[in-house]
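Participant: Chains as they are written, first to last, in my numbering: chain R, 22 to 356; chain B, 2 to 567; chain D, 145 to 450.
No lab work stands behind these hints, which were simulated from the structure alone. Backbone N, C-alpha and C define an ideal beta-carbon position, used for all residues, glycine too. Hints are supplied without guarantee of correctness; some may be wrong.
Straight-line alpha carbon distances no greater than 27 Å define the calculated DSSO-like cross-link-like pairs of lysine-lysine that follow [stated by the list, open to error]:
| hint | chain 1 | residue 1 | chain 2 | residue 2 |
| --- | --- | --- | --- | --- |
| 1 | B | K388 | B | K370 |
| 2 | B | K69 | B | K516 |
| 3 | B | K151 | B | K175 |
| 4 | D | K337 | R | K271 |
| 5 | R | K70 | B | K175 |
| 6 | B | K321 | B | K474 |
| 7 | B | K524 | B | K308 |
| 8 | D | K337 | B | K426 |
| 9 | B | K370 | B | K426 |
| 10 | B | K474 | R | K70 |
| 11 | B | K69 | B | K517 |
| 12 | B | K388 | B | K321 |
Simulated coverage check for chain R against chain D, where a stretch passes if three residues somewhere in it have a Cβ under 8 Å from a Cβ of chain D [to be verified]:
| hint | stretch |
| --- | --- |
| 13 | 178-190 |
| 14 | 235-245 |
| 15 | 325-334 |
| 16 | 343-354 |
Some chain R residues flagged as far from chain B (calculated, every beta-carbon gap over 10 Å) [stated by the list, open to error]:
| hint | residue |
| --- | --- |
| 17 | L23 |
| 18 | L27 |
| 19 | W88 |
| 20 | I101 |
| 21 | V146 |
| 22 | S164 |
| 23 | A260 |
| 24 | G262 |
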Amino acid sequence: MLTYTLRRLLIAIPTLLFISFVIFMLLDLAPGDPLADQPLTIPPEVREKMRAALGLDQPAWVRYLLWLKQFFWTEPLYIIDGIFGTEFAFDQQRIISWQFRAPAMDVIWQRMPQTLWVVGLAYVVGVIIALPIGIISAYRQYSWFDQIGTFVAMIGFSVPTFFTGVVLIIVFAVNLGWFPSIYDTTLKITDWESFTQQIRQMVMPVAVLALFNASQISRFMRSSMLDNLGQDYVRTARAKGMSEGTVVLKHVLRNSLIPVVTVIALGVPTIFGGAIITEQVFKVNGLGQLLITAIYANDLPMVQTLTFIFAVLIVLFNLIADVLYGVLDPRIRYD
Amino acid sequence: MRLKTALMGAAATVLTASAAMAERGADGHVNIIYWQAPSILNPYLSSGTKDVESASLVLEPLAGFNEKGELFPRLATEVPTLENGGVSDDLTTITWKLKEGLVWSDGSPVTAADVIFSYEYCTHPEGGCSQAARYEGIQSVEALDDLTVKVTFTAPKPNPYNAFVGSTSPIIQKAQFENCLGAAAQQCTDANFGPIGTGPFVVTEFRPNDVIQFEANQNYRDPAKPAFATVTFKGGGDAAAAGRAVLETGEFDYAWNLQLAPDVIAGMAAAGKGTVINAFGTLVERIEMNMTDPSPNLPEGERSTVKHPHPILSDIRVRKALSMAIDRNLLVEIGYGSAGRATCNLVPAPEMFASDNTECLTQDIEGAKALLDEAGWVPGSDGVRTKDGMRLSLLYQTSTNAVRQDFQAIIKQWWSEIGVETELKNIDASVYFGGDPGSPDTFQKFYADVEMYANNFDGTDPEPYLAQYLCDKIPGPDNAWQGENINRYCDPEYDALVAELAKTGEISKRAEIAKKLNEMLTKDSYIVVPLVDRGRNSAHSNTLGGVVLNTWDSELWNTSDWHRIK
Amino acid sequence: MTDVAPRKVEEAFRPPRNQWWDVWDQFKTHKGALMGLAVFALILITVLIGPFIWSMDPTFPNLRERNQGMSLAHPLGTDQLGRDLFARLMAGGKVSIAVGMTAMLLSLFLGTLVGVLAGYFRRMDGLLMRMTDLFLALPLLPLLLLMVTLFREPLSQRFGPETGTFFLIVFAIGVTSWMHTARIVRGEVLTLKEREYVLAAKSIGTPSRRMITRHILPNVMSPIMVSATLGIANAIITESALSFLGLGFPPDFPTWGRLLFDAVDQMQLYPMRVILPGVAISLTVLSVNYVGDGLRDALDPRIRGR
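If we strip away everything but chain R, and leave its shape as in the complex, we get (with noise of 0.2 Å):
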């Protein structure tokens, strides 16, 4: 399993530097242009100047060289000088943001709180909720429990999110006014008051989202387990005269879990993909709002460093998710 593991990392670098490259010549070739948001009254001549300030006047390799540059050079050395104090990346060019012209980095580094906080625990919740609803779901199906689970579930992922927060902002902070519309990102925990300030923005955010995530996961623990409910070896453990419990908790839920760590798995990278209409809808304003941001300004280099740390954490993920299949099931081999 170590080889495997140290194998696949290997793999993983030329893997990246493709997936670089694909999404780099994506972005390049997709229509859309950033000066698009400024006003009509700009001339063209202004406008072209402003596209050569940009750096699009060079060919798209070049461009790409410089972002793979400054993205697996630059940056680092930043971060390393951040923590010792050093001068290693003194005036190299980070990368720039086009709609902020400042570093790409930095403005990630700022929406990695609220995101974390909402996005994060929104995920922890759903997967923590879902787990017992599709065990007991499973464990006594079409009993009133299951019905209202399943019922629920189908709730949950076929409406849409603009829809399930704008309800909940009409009813609980426009006609009762228990919590804010509005998430306040600049909100600082310092004392009893501010945290319980930060609950309540948090409430209606993270219901939403967990509410989503918990029907998706609970599906497939459900169905996973009925499909292990079924099986010999079950009737064999009960046989021997295990308790319920035992084989219901450790049998049959390990053997059960396989897609369901496929699926949490998929599930972590877009934690920090953000939730681009949750958080719309809530002015989180985290890094789904800045990314759907940056496609809709065009811009590149944003999108491009977004995307590519999106990609190396679900390679990352992937990754742990096989390395899990062979905890959960030692049979499955890879070498």
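Got chain R; can you put chains B and D on it based on the hints?
Facilitator: For chains B and D alone, coordinates are given in the frame of chain R:
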């Protein structure tokens, strides 16, 4: 334009100034929400209106426009005119005098050097300045003394109020931006995110595309202002959410540009927490007719070029019939409510430039039908007119926007009543307005028969705006589709009249020529079919006082007068 | 499961019959599945046949009858341009269900194919899974923009604007949403491959193609079924987002997702306009889910025997 207006503007400021009695910072905190989030606070590197408006809390020009579109001095002592000798008789120079004792928010004095530097910063060839057009036609900017700046133009300039006027060309501090000239502009993150200014507020924290925190400028020139000690400027979301936050929950005090259906706004305003305000500028929603053939059967590079005139729309009778079939008042009622009014003009304001053309305002379906009959288009069996085997079928494109899609549906219906078949297409705004020569879907390429969008002009002088329709500004493959003459309209008489406008200094004559040009494009030729003069809806909470909606300059032009109503 | 599975004694005396009858018999005992099937059929009938009975043009703006409530002339009222909501719901349903089903099938097909191949043949695993990683990492919006720019015009010239757009949307959604299914199926195949019966079948020389179709595929049905229900909802909503961005159908062309999206701003004034398309989408997904549940049970011989 010369300048009764400017003088009146100066008088207006004196009046507003007397309203101040409160103490600086006494009214605490104010929350502003823009559903487009500002990404930079340097208007010279801005990527849209949102950046310029947020920066206007901090940075100021020499003179600005008030809500009536009149000039008034901000950093200058007065607006230079021919009468007061500030503008030379031959219209080639303008001399500005700075107010005495002005200081930046860091306490250092504002001098002529800062003004000159602002010019140099924006005109640097490698800087990529978004507002470079405001500094066009300037030969030199020089300091006569510490507080006096003389701008010399390359040719007589009837309208010298471009440079240093309005929130799009403010004065930036030389000391702060000195090392940010040209290509270095990109590296100056601190300066771009926190410019030092002369305005009523100072940036304390800037999070790009998210939120800005301001506090009162302790060195602001009026010791009693601003009334608010701190400002939160939140960006992001959508217009409905911004409206809700001001009008329904009361979390925010001011919401910008609520582009919402009239009944939605009315529903929100009924909650009683805030007030919707509106004002009109020069923004006109219009249908532009393509004078060239956009057919996909033509080879690439010849579509929508002057080589092939449009087979249907080249006939003025068809264009006129299309315009006659539209009921503009109903469009306003459905799409804009109080924030719109029907118009037949490309230049709807200022008043002296607006033609009194109102002929198009009454819908005339029967007349349109008769006109098409006359042009030889006969109704076919399915109701669509044909002529020489060609169907009267048009592709109608616009950007993605709820109101525009409603308009498309309605106009398609009206046109079908007169026997015109319409195919609708909507394109994402970032592609449509993006101008990428590689994309077939930009509004410049115009691979459609008619298209709809809105445009306006900066400030109060329509000359550059009307000059967009010159023959040599036709976009095409030879100029990478860069050009503002979207319709491919070409009339030597029009070109000659624009040239005459550029030479004319006297304001009433200018107005006369501008009106004539406007009519040539609209009611004389139906090249441009104006639909709605679009005003702007914004909202403020009932406890926020001093708000005056201004469409000629930044909406936040008078935040120093904002105060809390107790 | 294997070919020589022991049969129950009484079955031997019955005349041989198609195994799909057994599946149907089992399916019939599943109340939820029957209900689901009935609801789904009802929706389909309404959407397909309804427009012939209620023949109002869904795109006709009747400007004198804007924002009407429910009445005889307009059973579900009209929208802000006076278009009949009932007609729009039916027209929208036709598109949404067609897009949802075909895009889901395409994405399931791609996902299952990639998942099974990667899981079963070790040699293809690395390449296919790295490709999956690539597709997961690609930013969706620029990809769609590019696809639309490249293919919209050729397709609409070839098949006409509506059919062309339909192909484009189905293709776009299918090609960008198969990766989850692929990863899940592969994970399951990896464990199934080591099960005793698979090893047994292998040892008697069953060829790979037969192994996959007879032994592997039936056993990965349940995660595929879950993916299918999730996929329909996802496709319907993605379609609305695409059309909203101008990447999909012409703007006056109603779909459920679009009706829902357009009405969110007016939720407080005209709640029916959001509730109706919302309910329609949920009902479709719910009924497909129950049908999927029943089908999965019916296809599983272990449960069928019970």
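Participant: Indicate, hint by hint, whether the structure satisfies it.
Facilitator: Each hint, compared with the structure:
1. K388/B with K370/B: Holds, because 14 Å separates the two Cα atoms, which is no more than 27 Å.
2. K69/B with K516/B: Holds, at about 20 Å.
3. K151/B with K175/B: 18 Å, holds
4. K337/D with K271/R: Holds, at about 22 Å.
5. K70/R with K175/B: 23 Å, holds
6. K321/B with K474/B: Given pair K321/B, K474/B holds - Cα atoms ~24 Å apart, limit 27 Å.
7. K524/B with K308/B: Holds: K524/B and K308/B sit about 26 Å apart, inside 27 Å.
8. K337/D with K426/B: Since the Cα atoms of K337/D and K426/B sit roughly 51 Å apart, the hinted pair is violated (cutoff 27 Å).
9. K370/B with K426/B: Satisfied, since the Cα-Cα distance of roughly 25 Å is no more than 27 Å.
10. K474/B with K70/R: 18 Å, holds
11. K69/B with K517/B: 23 Å, holds
12. K388/B with K321/B: 17 Å, holds
13. 178-190: n = 8 at 8 Å, threshold three: holds.
14. 235-245: holds (count 5)
15. 325-334: Three-residue rule met by the stretch 325-334 of chain R, so holds; n is 4.
16. 343-354: holds (count 5)
17. L23: 43 Å, holds
18. L27: Nearest chain B Cβ is 40 Å from L27/R, so the label holds.
19. W88: 15 Å, holds
20. I101: Fine: 20 Å to the nearest Cβ keeps I101/R off the interface.
21. V146: 24 Å, holds
22. S164: 41 Å, holds
23. A260: 60 Å, holds
24. G262: 60 Å, holds
The structure shown violates just one earlier hint, number 8.
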